[in-house]
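*Asks:* The lines below spell out each chain.
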Amino acid sequence: MGSTRRDVIAGFAAAGLSAAMPHGLISQGMAQTGKPRKGGMLKMWLAEPVMLTGAFNSTGQIFQISGKMFDGLVSYDFDLNPKPQLATSWEVSPDGKSITFKLRSGVKWHDGQPFTAADVQFSATKVWKALHPRGRSTYRYLSDVEAPDALTAIFRFERPSPYVMNSLAGMESQILPRHLYEGKDILTNPANLRPVGTGPFKFKEWQRGQYILLERNPDYWDAPKPYLDGIVMVIMPDSASRAVALESSELDIAGAIPVSLADARRLEKIPTLTIPQRGSEAIAYQAFMELNLRRPYFQDVRVRQAMYHAIDRAFIVKNIYFDFGKPATGPISYENTKYYSGSVPRYEFSIARANALLDEAGMKRQSDGLRFRITQDPLPFGDHYLRSADYFKQQMALVGIAVDIRNQDFPTYYKRVYTDYDFDTTTTGAFGLTDPTVGIQRFYWSKNITPGVSFSNGSGYNSPAADAALEAAQIEVDPVKRAALFHDFQNIVMNDLPIFPIADAQYVTIKNKAVTNTEVDPFGIHGNFAEVYLNR
Amino acid sequence: MTRYAAFLIRRLMQACIIVVGIVCVNFVVVHLAPGNLAEVMAGQGGGADAGYIAALKERFGLDQSLWVQFGRYVWNLLQFDLGYSFRESMPVSVLIADKLAATLILMVSSLAIAFMLGVSLGMLAAMRPNAISDVVISLLALIGYATPLFWLGLLLILLFTVKLGWLPSGGMRTIGVPSTGLAGILDIARHAILPVVTLTVFYMAVFIRLMRASVLNVASLDFVKTAYAKGMSFRQVYAHHVLGNALLPMVTMLGVNVGGILGGSVVVETVFGWPGLGRLTFDAIFSRDINLLLGILFFSSLLVVVTNLVTDLVSAWIDPRIEVSK
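Protein sequences, first through last, are from chains V and Y. Start counting the first sequence at 1; every next residue gets the next number (the numbering used here). Start counting the second sequence at 1001; every next residue gets the next number (the numbering used here).
In short, the hints are calculated from the structure, not lab data. The reader is advised that the hints may include incorrect statements.
Said to hold, decoys possible - In silico DSS-like pairs for lysine-lysine, Cα to Cα no more than 25 angstroms straight-line:
#1 Y:Lys1057 with V:Lys184
#2 Y:Lys1057 with V:Lys513
#3 Y:Lys1163 with V:Lys447
#4 V:Lys364 with V:Lys338
#5 V:Lys129 with Y:Lys1163
#6 V:Lys129 with V:Lys83
#7 V:Lys269 with V:Lys108
#8 V:Lys38 with V:Lys129
#9 V:Lys415 with Y:Lys1057
The structure presented is a predicted model; accordingly, all values stated were derived computationally and were not measured.
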């Protein structure tokens, strides 16, 4: 936090140079033509995590820090195709029931032990399949991992599990060092707080409530990377303070929508700062509204369609998301180019159409002009949910539906929406992630109506057609047919509308222009930062 | 002396009963909130299945009945064990000890400065009521009292960090520079200036208003008139008769605030990224980290009980008319 006025002035001077060039040219051009500069500490904001290992905890901030200390079997390009990382090659058997990985030789853990197939075997069977909140379903049909030699790992499945190839990044399916975990309690292992990984950065120090220090791994397999000397993860709980710290160059980069979106548009105009347009494709964040289909009002699909017609998603994106993102057209974000389909029923904004549909559905206005009264629970993370809820209330009033907004803290929200199903509508959001089976299916699959499980199918949507498409996609090995199944699925749920997709929102990162190469893959700020350098 | 001893023993016994009561009330209150730690942890991760949550509940002991959980809590407490925070993966006592120093630096320095300034300025204002000095001080106190802490904090950051670049905007130490000895102390002091000033402004406003009212009240009492009638000077009257008597309510107020020290100040800690207990408590509440919350509440209540005792003793020392035996 040793920022001085000199830093700020230096930053402005650099920005003065760049202002002469077209905006796009400078940020793109530097990444490609500039020779990486070695050295320097990167100051990055992080919400304080509870641990630093992501192999069985998928909290957002762990996702951000953990991938810098742990590489995955593969990484991904912008179209979400796998690229070699710890695995140099892989082969999926024709029946889809086994994947053979050839591992990179000479890779060492940060404590000097060699990385082998035994680590992969242990992590997949004992950690991901048993303990990871999403891994428990991703690896449900994993029967065994064989390690015929130190550099070969063969995944065996009871059923084809094609989505596994989309879930192997270092922060999602994280390989833990077997020699530190085997025979000990995994959840309370001290290495969870002082991790030993294979990635470009090593854990150095964690001062709770203050910062986490990562230092360069000099023995990284992809020499001469990493270029940075280290990364300081600064813990700053207040968003207004974060805005000031970015402005005064006390922070170089902050992700996961670090400040209010209105503030982000203000910071964007500051010459030293920029907001990258890429780097959240693998997150594929979407804001949406869930409807409790158990309620009598919502049984008739015309009522749901009417309500959706009354919500101007373009207005929400412009005025609540400040144009960070696009109006959503379906359950899968447009950022997931591999599976997104635009040819689904569209519901243009029309109050007249909404009123007509409600009349048609027999929801007559009472003497006070109201048809019925519902509640709305915004997810208590970030004020864009609350503001969307306010907008929802205004719009519903126009079609004769009274809305009571209920504010609460997260544990109360959780119990109401996912345990007791004591809600009418919500405003919420979730990561679509790299594969719809992993990120989207949970909200729509009838087998995922599981009381007490958060971010599950809380609306109670039960459609045999949608289930059939989702279940076929789970085991379809042919990528083209699999994409077609997801297109069908999008079509079905946009006809049924158990959930209102609102905005494919950008998962905003704000950074100093000197920070280069943070958007080299679809994970952006969640990536391993081996290629990141400071151009100052 | 024996009177003091008897008084102390009786008060200590009362304190024990109060602490037992607090332990029970704390336990009930924190369990009234809906939701639990297992659900929050699974929920923040997103997409966990039912088996995962059940496994967490079993691990945290949340699958047991409340009576069993209470029994375990009391049994641990009797062995001076505050329990384990599953969210932070650390024993509660370690977590509290970790943040204690930072909290004390922030709270003790602001309270001490605010008390001294409050007494002096309040006295100054009351000595010449409605004069210019009184109007200025009272106005300052009013503004200080009415200004939201987070707003004042952000304004100070804007001025001293963004515009002037003199002070760091947050944190407690310069990161990556392991400084010890005098350099380390100066580093922490530099980081502490803005949060301490912010908090001082608020406390000082409270103390000024109280001190001013208290001095005005005492100054109108009969024994002050008598003192003037005896021929004492204005200065002597205030130094010997008014000040001591006016301090009594201030001591009580200081005691109330000291009792709250362990709670820290969530707002100031949040704005300045100060690693104190207030923020820890805040996070514990919103993640339903019951063990941690109970630990902090227990510690705070102990401090309140002890401070009350000390306040009474100090009051008796300042004003001999307050009899400790009654």
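*Asks:* State for each hint whether it applies.
*Replies:* Taking the hints in turn, this is what the structure says about them:
1. For the hint linking Lys1057 of chain Y to Lys184 of chain V, the alpha-carbon distance of about 20 angstroms falls within 25 angstroms, and the restraint holds.
2. Taken as a hint, the Lys1057 of chain Y and Lys513 of chain V pair is broken in the structure, with Cα atoms around 46 angstroms apart against an allowance of 25 angstroms.
3. Simply put, Lys1163 of chain Y and Lys447 of chain V have alpha-carbon atoms about 57 angstroms apart, too far for the 25 angstroms limit, and the pair is violated.
4. A distance of roughly 43 angstroms separates the Cα atoms of Lys364 of chain V and Lys338 of chain V; the hinted pair therefore is violated under the 25 angstroms criterion.
5. Taking the CA atoms of Lys129 of chain V and Lys1163 of chain Y, the gap is about 52 angstroms. The hint is violated against a cut of 25 angstroms.
6. A hinted pair counts as satisfied when its Cα atoms are at most 25 angstroms apart, and Lys129 of chain V with Lys83 of chain V qualifies at roughly 23 angstroms.
7. Distance restraint check for Lys269 of chain V and Lys108 of chain V: the Cα-Cα separation of roughly 44 angstroms exceeds the 25 angstroms cut-off, and the hinted pair is therefore not satisfied.
8. For the proposed pair Lys38 of chain V and Lys129 of chain V, the alpha carbon gap of about 39 angstroms is over 25 angstroms, so the pair is violated.
9. With a C-alpha separation of about 15 angstroms, the suggested pairing of Lys415 of chain V with Lys1057 of chain Y holds against the 25 angstroms cut-off.
Hint check: violations occur at hints 2, 3, 4, 5, 7, 8; the rest are consistent with the structure.
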